[in-house]
Amino acid sequence: MASDLINLQRDYLLKLIGSVETSNGLKCLVLDANSERLVNSLIDSNTLLRYVTTVERIDKKRKIRLSMEGVYLIGPTKFSVNCLLADFQINPTRYKKAHLLFLSPLARELTNLIMGNKQLEANTITRRTVDFTLLPLESHVFLSDAPDSLPTLYNENCLDLIRYQASRAVQTLMNLCIITGEYPLVRYYSPQNPINKSSVLPRMIAQEFQSTLDDYCRIKQDFPGDNPRPRSIFIITDRTMDLLAPLMHDFTYEAMCFDLLEFAENVDGDYPNTYRYSVENENGELLDREASLKPPIDDYWEELRNMHILDASNQLDVKLNKLITNNPMMVDRDKASGTRDFLFIVAHLHGFDEERRKIMLHKKLTEELLVINNERHLAECADFEQNCAAFGVSYDGEKIKDMASFLLSWISLDYFTTSDKIRLILIYAIYRGGLIRADVSKLVKFAGLASAEEHVMTLFENFSLLGFQLLKAHPKDKSFKKQFWHKIDSNAVLNTSRYKPAIQAIVELASKGILDEASFPYIKDKPLEVSETNPDSATSLKNPRYRAAWSRKGSSYSPPKQRIVVYSAGGITYSEMKAGYDAGCLLNKDVFIGSDEVITPRMFVNNVIDLTSDRASLSLFYDRRRAAGESAPKVLFEQESHHRPSIGGPVDSSASLASTTSQSHEPPTNDKEKHRKRDKLKKFWK
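Quick note: the sequence shown, position 630, residue 630 per full-length UniProt numbering, numbers continuous.
Hints are computed from structural coordinates only; laboratory data are not their basis.
Small disclaimer: the values here were computed from a predicted structure and weren't measured.
If a hint is listed, it holds; no wrong ones were tucked in.
Within a straight-line C-alpha distance of at most 27 Å, the following computed DSSO-like cross-link-like pairs (lysine-lysine) qualify: (1) K319 x K364; (2) K60 x K96; (3) K364 x K322; (4) K561 x K294; (5) K401 x K442; (6) K500 x K294; (7) K319 x K294; (8) K481 x K197; (9) K481 x K442; (10) K97 x K61; (11) K482 x K442; (12) K358 x K319; (13) K500 x K482; (14) K512 x K524; (15) K97 x K63; (16) K482 x K512; (17) K96 x K61; (18) K487 x K512; (19) K634 x K61; (20) K96 x K15; (21) K500 x K401; (22) K97 x K15; (23) K401 x K481; (24) K78 x K61; (25) K482 x K197.
Let the hints inform the model, and build the full structure from the sequences given.
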């Protein structure tokens, strides 16, 4: 059974659509902003139109189509429900019949609104919840599509949103179980002696998830069915488990891209990953280009993204040389003495447009990253970070006596940027178990960051809301003690790559059955026996409904891999996404990493500053969406002559999925509003 989340969710979507039967075979798929984002991430418009007659946006002006039945795939929001009601308040109604597929369960208030519309009730053929909320970002990475997760979950001015955020997580995990056919063992992160009220968050999500899953099993007697895999493990944790991951410099291609470069459109849960660059064409003209760094759009990106930046650059050189070698008649190799000459030759090759485009794109991108790396001396910066993460032990295994002196020498250098210096100070403070306020002030001034002192102090104060006391009241106070779950690979080839995020470490421990039960309790079932020498014993079956696969003879048989899922509330980093792939490779498991959203170091620092900000200044996506209004647009009530396409006849151009994006009911997204909350440090964050 395939384990690519994009394919699994796409198949589930098409199965949902295919399960809707209409009287004449004509279906109009009606989407809202939430479902459109999900559908667009899974399938192109041409493929989708093989399964439906047309696709429309629920909050957009639409024609009356009495020959079609409307298949509404929408979120359970008041705005979407009001738009739905509008379609059946006009006369004639928008569609002949209605099939209502809600992404997640409806609130009672919204159910009553629907039942109160007699026209809609009389014409509704289907109404059900379809558990379709999982946004697959990559083959083994998924999101619950709930932006602003850190302030939402840890700012005490947002307590009313915690239940919403947790429910999104539960719905997404349910979606994952349904598309994979898993009934997992559920564990959660329970920090010992926590100082933050939010420490109960993983348990709250895990309990609600287990309860929802059990309810689903009672209704669906055939779930989970026969599963040849060892029983899966789901581990629910949160951002507080690993506070180093969002601060450490990582040198894999993908992590460097989103740490060092600005992707302005990656806001509010959208991840277009648009990279803009200039390239010379075969006529010697310099052209502006843009590309989306996403699989499967860019197979080069998919291949290279988890490589170390130097390995990715070398791999591109191999591809470049291969293209030239395979076309000797088109290249004068005597005129080429290096990579730049070869790039010039490739740029002027006629034909091979797609291959040329990808090579030029990624050579431009890797070169830009390597230039920034050299200008900012990031390897030196990272060496100190790695030593802190290793609790003061160097790459050579020696205990470093005076880490403070090294910190002072680094932050005094002009070539380190403000952002790098702030990250160094924070990482050092975590290593030390906290600093007194006076010492933080001295470090900030010594680093030449006096203008940022107020923000840095807020950062230090707010770490307590994430379960780490970074500010000590008195010099003689003991260092703050918190169990660290990351690991240090003493056999790492590079000194800048010893640190492995906690996600990778707990997956490895859980797969061997030796993950500490006090810190990661089971919600319900627990394996009957656990043995480090037999990793599969960690999946012993206590639940009789879960059936083991019969053993098969023959050395050629490769048993299906066990699935291990880590859901981290509060955002995951690109380095943690890569850690999931690494753990899967190392353990021969299918490891999936999930969260509300993906965060970058800049986002993390700004979000921690926001943990004590008032609600209005946060400009949360949730609040902006609510402020945009809940009433259906007036255009939906306008009367017009209805459209009667002949059966099997042509459908107008509005059928294109891409055309549904206009006139969307989204929160205000002007540039100033988009970047206000994440650029508090912009004047000195470079």
